[in-house]
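Asker: Produce the complete structure using the sequences and hints provided.
So the chains spell out like this:
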Amino acid sequence: MINSFYEGVIVTCCVNIIAVLGMSVLTGFTRLFSFGNAGFMAIGAYTAAICSVQFHLPFALSIICGAVAAGIVAYLLGSLTIRLRGDYFLISCLGFGECVRVLFLYLRDITGGATGYTGIPFRTTWVVALVCAIAAFIIAWNLIHSRYGQAFSAIRENEVAAAANGIDVVKYKKMSFVFSAIFAGWAGGLYAHYLRHITPVLFNLPKSCELVITTVLGGLGSLTGSVLATLVVQLLPEFFRKFSEYRMLAYGIAVVLVILLRPAGLMGYKEFPDLFKKSGKKKSTGGA
Amino acid sequence: MMDRSDDVILKVDHLSAGYGGIRAIDDISFYVKRGEIVSMLGANGAGKSTLLKCLSGEHKRSAGEITFDAQPLPGHCHQIVERGISIVPEGRQIFYKLTVLENLRVGCCQRKDQENIRKDLEMVYDLFPRLEERKSQFGGLLSGGEQQMLAIARGLMARPKMLMLDEPSLGLAPIIVNQIMDTLRSIAQSGTTILLVEQNAVKALNLCDRAYVMNVGRIVLEDSGKELLANEKLMHAYLG
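Chains V and G, in that order, are what the protein sequence lines are.
First residue of the first sequence? That's 9 in the working numbering, and the numbers climb one at a time after it.
First residue of the second sequence? That's 283 in the working numbering, and the numbers climb one at a time after it.
One or more hints might be untrue.
With a straight-line Cα cutoff of 30 Å, these simulated BS3-like cross-link-like pairs (lysine-lysine) come out [to be verified]:
| hint | chain 1 | residue 1 | chain 2 | residue 2 |
| --- | --- | --- | --- | --- |
| 1 | V | K278 | G | K417 |
| 2 | V | K179 | G | K485 |
| 3 | V | K179 | G | K379 |
| 4 | G | K515 | G | K485 |
| 5 | V | K182 | G | K342 |
| 6 | V | K182 | G | K379 |
| 7 | G | K342 | V | K179 |
| 8 | G | K515 | V | K179 |
| 9 | V | K182 | G | K394 |
| 10 | V | K179 | G | K443 |
| 11 | G | K394 | G | K443 |
| 12 | G | K293 | G | K342 |
| 13 | G | K394 | V | K278 |
| 14 | G | K315 | G | K443 |
| 15 | G | K379 | V | K278 |
| 16 | G | K417 | V | K179 |
Derived by calculation from the structure, the hints in this document are not laboratory data.
Answerer: As structure tokens, then:
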């Protein structure tokens, strides 16, 4: 029905959409930058893989274990670091991501070290991936439009005023951080059950950067923008296979261009449906 | 200031706070009665804003007791709002990139009683019809006066027992200041206690029931608004 090349493209896109949606809630709506979310993907991937292979848990349960493990680690890390100001928090996340990667490299008995963890059953078909991505979008959308999402946006806009209005800033920041980690873990688990063989290199610093860059490209504060940007970032290299070595170069140029030309990202604060609303409004209100 | 009857809603005893080695407020005691409008006046650097920051939990006090509604005041901002004190911060501090309605929703995002939230939304729109007209505009696009209205409305959305305002007249045209003062009076009449910190002494004294005058971290004077207005010498000495 669908050949393995397209299946690969769809699964990769969907997995990244889930991870980027998590980033979008964290970075776009709460304005916390994390360069360590590949670390959470790794935790999700390895936990889910080990659950499947060693404990023969059903696929869905393995994925949930992976996501929960990432969430727990994020909660513990967040308890320590969430009070740090902007750039210091970013650096602590960066350090964490690298720690996870190196740790998985050294724990050879559990993770297989640099040669990777093999024998994971193939479970993430393109249908599974697509269903998960849609579910992830719905969950993120509902979160953002709940009073929790309102609190996230308030923190993004003005932390002092948010606190003055009765928002427990630390609690909500941590919630946002854990949420993004759960999504990253979910994505990692799915990815592991697609690749069937995972190595720590998959979840290195460039992967974290890719997630952040995608979120920034899509617009900080737009879930649909994040999805759009993920599709662009994931699909373009597929069409330009020959130049895949220059991937990061292209990202860099793309980010510079977007920052210069569209500082708010592809979508800015707008969601996809807003684009149509806006144009309709202009017509009706004319010059007002 | 001894213990009065139980209609005292806020009682501050021997409060001190500072920044590093500098004492911004020094051994301050005062009280606010339920339903009253109380002004805290004083020149720049008198410690008025620091006092409000201590009450709102933004700044840690170094000594003293604060009792609100017969219980000691909790330490964190969000707990204080939950207990029923809202602050309208200096310089408005509204959320520029959120719409007016979203700004108001942030004010009540700790509440779960949807039905009452809807009523309160109508109530603040009644107080400030301009906000309803502009409810889907970004907060940053409002004029200064409208932003101040939004900040007050946002504070009210938490359904506070006491509303604290830090210099609401700052940078506003006199006619807008009058409007805001009138609104504060009607808010007080509907039962919300108001603690007002102001530099605009005449406006504040005309509005309030009682006032305290601060000077270099201490309270130097307490009287009714009318009496202080009449006392030209003191006005001149402390308020300019």
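Asker: Are the Cα positions of K179/V and K443/G separated by 30 Å at most?
Answerer: Judged against 30 Å, a Cα distance of about 25 Å means the pair holds.
Asker: Is K179/V within 30 Å of K379/G, Cα to Cα?
Answerer: holds, 22 Å
Asker: Need the status of pair K278/V, K417/G: alpha-carbon distance at most 30 Å?
Answerer: holds, 17 Å
Asker: For the pair we were handed, K515/G and K179/V, check the Cα-Cα distance against 30 Å.
Answerer: violated, 51 Å
Asker: Does K485/G lie within 30 Å of K515/G when you go C-alpha to C-alpha?
Answerer: holds, 18 Å
Asker: Hinted pair, alpha-carbon criterion (30 Å max): K315/G, K443/G. Please report holds or violated.
Answerer: holds, 11 Å
Asker: Does the alpha-carbon distance linking K394/G and K443/G stay inside the 30 Å limit?
Answerer: Given that 30 Å is the threshold and the Cα spacing comes to 18 Å, the pair holds.
Asker: With the threshold set at 30 Å, check whether the alpha-carbon distance from K293/G to K342/G stays at or below it.
Answerer: holds, 17 Å
Asker: Please verify whether K179/V and K485/G have alpha carbons no more than 30 Å apart.
Answerer: violated, 40 Å
Asker: Just to be careful, I want the Cα atoms of K182/V and K342/G compared with a cutoff of 30 Å; is the pair within it?
Answerer: Distance of about 23 Å is within 30 Å: holds.
Asker: Between K394/G and K278/V, is the straight-line Cα distance small enough, at 30 Å or below?
Answerer: holds, 27 Å
Asker: Compare the distance between the alpha carbons of K342/G and K179/V with 30 Å, and conclude whether the hinted pair is satisfied.
Answerer: At roughly 20 Å apart (the allowed maximum being 30 Å), K179/V and K342/G satisfy the hint.
The structure fails hints 2, 8 (numbered hints given earlier, in ascending order).
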